[in-house]
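K.L.:
Chain by chain, the residues run as shown.
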Amino acid sequence: MARDLAIDLGTANTLVYMKGRGIVLNEPSVIALNRQTGEVLATGHEAWHMIGRTPGYIVAVRPLRGGAITDFDVTERMIRLLLQRVGVSRFTRPKVVICVPSAITEVERRAVTDAARRAGAADAQLIEQPMAAAIGANLPIDEPVGNMVIDIGGGTSETAVISLGGIVALEAVRVGSFDIDNAIQNYVRREHGIAIGERTAEEIKVAIGSAAETPDEVEAEVSGRDLMQGLPKTVVLTPEEIRYAIDDVITQIVQSVVRCLAKAPPELAQDFLVRGMYLVGGGGLLRGLAERIERETQVPVRMSNMPLEAVVLGAGHCIENYDALKRMFMGQRR
Amino acid sequence: MTAALVVVVIVIALVFVVLIVSRRTPTSNDGVDDFRRHLDALSPEARQQVIDRVQHLEEDDDGA
Numbered sequence: 000m001a002r003d004l005a006i007d008l009g010t011a012n013t014l015v016y017m018k019g020r021g022i023v024l025n026e027p028s029v030i031a032l033n034r035q036t037g038e039v040l041a042t043g044h045e046a047w048h049m050i051g052r053t054p055g056y057i058v059a060v061r062p063l064r065g066g067a068i069t070d071f072d073v074t075e076r077m078i079r080l081l082l083q084r085v086g087v088s089r090f091t092r093p094k095v096v097i098c099v100p101s102a103i104t105e106v107e108r109r110a111v112t113d114a115a116r117r118a119g120a121a122d123a124q125l126i127e128q129p130m131a132a133a134i135g136a137n138l139p140i141d142e143p144v145g146n147m148v149i150d151i152g153g154g155t156s157e158t159a160v161i162s163l164g165g166i167v168a169l170e171a172v173r174v175g176s177f178d179i180d181n182a183i184q185n186y187v188r189r190e191h192g193i194a195i196g197e198r199t200a201e202e203i204k205v206a207i208g209s210a211a212e213t214p215d216e217v218e219a220e221v222s223g224r225d226l227m228q229g230l231p232k233t234v235v236l237t238p239e240e241i242r243y244a245i246d247d248v249i250t251q252i253v254q255s256v257v258r259c260l261a262k263a264p265p266e267l268a269q270d271f272l273v274r275g276m277y278l279v280g281g282g283g284l285l286r287g288l289a290e291r292i293e294r295e296t297q298v299p300v301r302m303s304n305m306p307l308e309a310v311v312l313g314a315g316h317c318i319e320n321y322d323a324l325k326r327m328f329m330g331q332r333r
Numbered sequence: 000m001t002a003a004l005v006v007v008v009i010v011i012a013l014v015f016v017v018l019i020v021s022r023r024t025p026t027s028n029d030g031v032d033d034f035r036r037h038l039d040a041l042s043p044e045a046r047q048q049v050i051d052r053v054q055h056l057e058e059d060d061d062g063a
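Protein chains in written order, with numbering that gives the first Met the number 0: chain A, 0 to 333; chain B, 0 to 63.
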């Protein structure tokens with residue numbers, strides 16, 4: 000008998016929660032394929048190390064962009080491998096709850112459920128990421144009070160107001176951590192004339208990236224390929240430069256939070272001032288982001304205890320209480 | 000004999016219809032009970048089990 004699963008199929012990372020066991024898998028959403036044969040060569044951490052460093056016949060790709068499936072076939076194969084790795088076989092078909100961005104289209108929704116069913120799931124249900132995040136962050140969403148959660152993922156940023164077990168207001172933008180990495184890549188290319196890879200841009204973000212000025216700022220040496228000469232070159236980047244480079248992306252995220260606050264019923268507005276907003280997702284770990292949102296909204300921002308795991312924990316709770324929480328699933332609301 | 004058989008079939012069909020209709024028609028309390036069950040399952044106490052399970056696993060990993 001298969002144990003039911005909850006999957007946070009994120010643009011950046013994939014986490015799997017197994018009923019009765021907890022989180023059994025946490026790794027990057029990357030798959031490496033042989034371009035000629037289509038054979039899967041690696042997934043997860045192993046494939047992530049290959050990004051930008053593969054010979055011509057290998058391609059290491061992220062099959063999800065902006066929270067949506069960009070390559071159905073590759074995603075299906077990735078889900079199939081995930082299920083195999085957590086012990087699902089052809090004869091044991093579990094129920095699966097998958098977390099997806101709330102702004103997903105009907106076509107994308109069907110693509111995810113079809114991919115899961117074809118990969119071996121007996122039943123696949125979807126739950127919105129901000130709802131799962133609120134459950135996983137242990138917010139009192141069963142009470143008639145406004146709980147605001149901001150989930151900043153790799154490809155999407157979603158803000159939701161939740162009360163009495165349901166979403167009251169929601170705002171989502173297809174902008175996330177990867178757009179911050181892209182902005183850094185573009186800035187370094189434009190201003191310093193060197194090309195850097197996706198992984199280097201991410202390392203710069205983690206090392207010196209910030210959304211607002213922070214104490215103990217340091218500079219970073221970055222190496223890439225000179226666009227004019229084609230030779231390796233090293234430049235020094237400052238935190239101010241990175242803040243300037245990523246400002247457009249940060250502004251879009253902050254504006255979506257403001258729009259969500261504006262959509263919320265006035266009765267709940269006072270709850271936010273008292274209880275604050277909760278930040279979850281890997282993007283929320285960017286230095287100074289909580290302070291910047293707090294400054295621009297005048298609402299306190301708190302960091303969840305487990306920002307990276309909150310979404311899969313919420314979906315895990317749904318799989319543990321499948322029948323009672325059926326109305327949480329997209330397309331099941333009554 | 001045939002008439003008795005027809006009567007039995009009709010009775011069985013009626014019982015089925017009554018059963019299906021009674022299961023499909025929500026009683027006035029169904030919605031309330033369902034909603035209560037939904038909120039109970041979302042209470043922090045109900046969720047503690049999942050969070051504890053993950054924290055225990057993390058502690059075990061740290062200890063190993």
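If you are wondering where the hints come from, they were derived from the structure by calculation, not from laboratory data.
Please note: incorrect hints may appear among the correct ones.
To be verified - Computed from the model, here is a short list of chain B residues facing chain A with C-beta under 10 Å:
| no. | residue |
| --- | --- |
| 1 | 1 |
| 2 | 5 |
| 3 | 33 |
| 4 | 34 |
| 5 | 39 |
| 6 | 41 |
| 7 | 43 |
| 8 | 45 |
| 9 | 46 |
| 10 | 48 |
| 11 | 54 |
To be verified - Pairwise CB distance ranges, derived in the manner of DEER restraints:
| no. | chain 1 | residue 1 | chain 2 | residue 2 | range |
| --- | --- | --- | --- | --- | --- |
| 12 | B | 44 | A | 299 | 21 to 29 Å |
| 13 | B | 48 | A | 163 | 19 to 27 Å |
| 14 | B | 48 | A | 92 | 24 to 32 Å |
| 15 | B | 48 | A | 89 | 27 to 35 Å |
| 16 | A | 58 | B | 34 | 44 to 52 Å |
Every residue gets a Cβ at the ideal spot worked out from N, C-alpha and C, and that includes glycine.
K.L.:
Now tell me if each hint is right for this structure.
P.N.:
Structure-based check of each hint:
A hinted interface residue such as residue 1 (chain B) counts as satisfied when its beta carbon comes closer than 10 Å to some beta carbon of chain A; here the least separation is about 44 Å, so the hint is violated. Residue-level restraint check for residue 5 (chain B) is violated (minimum Cβ-Cβ distance to chain A is 40 Å; threshold 10 Å). Given the 10 Å rule on beta carbons, the hint for residue 33 (chain B) holds: about 8 Å separates it from the nearest Cβ of chain A. Look at residue 34 (chain B): its Cβ gets to within about 8 Å of chain A, closer than 10 Å, so that hint holds up.
Here the hint on residue 39 (chain B) is kept, as its CB sits about 7 Å from the closest CB of chain A, short of 10 Å. Checking residue 41 (chain B) against chain A by beta carbon gives a least distance of about 4 Å; that is within 10 Å, so the hint holds. Taken as an interface hint, residue 43 (chain B) checks out: its beta carbon lies about 6 Å from the nearest beta carbon of chain A, inside 10 Å. The criterion of a C-beta within 10 Å of any C-beta in chain A is met by residue 45 (chain B), whose closest approach is roughly 7 Å, and the hint holds.
Interface restraint check for residue 46 (chain B): the shortest CB-CB distance to chain A comes to about 5 Å, inside 10 Å, so the restraint holds. The interface hint given for residue 48 (chain B) holds, since its Cβ lies 7 Å from the closest Cβ of chain A, which is under the 10 Å cut-off. For the restraint placing residue 54 (chain B) at the interface with chain A, the shortest Cβ-Cβ distance is roughly 9 Å, inside the 10 Å limit, so the hint holds. Taken as a hint, the range 21 to 29 Å holds for the pair residue 44 (chain B) and residue 299 (chain A), whose Cβ atoms sit roughly 26 Å apart.
Hint check: residue 48 (chain B) to residue 163 (chain A), Cβ distance near 22 Å, so the stated range 19 to 27 Å holds. The given range of 24 to 32 Å is respected by residue 48 (chain B) and residue 92 (chain A), whose C-beta atoms sit roughly 25 Å from each other. Evaluation of the 27 to 35 Å hint for residue 48 (chain B) and residue 89 (chain A) yields a pass: the beta carbon distance comes to about 31 Å. Range check, residue 58 (chain A) to residue 34 (chain B): Cβ separation about 49 Å, and the 44 to 52 Å hint holds.
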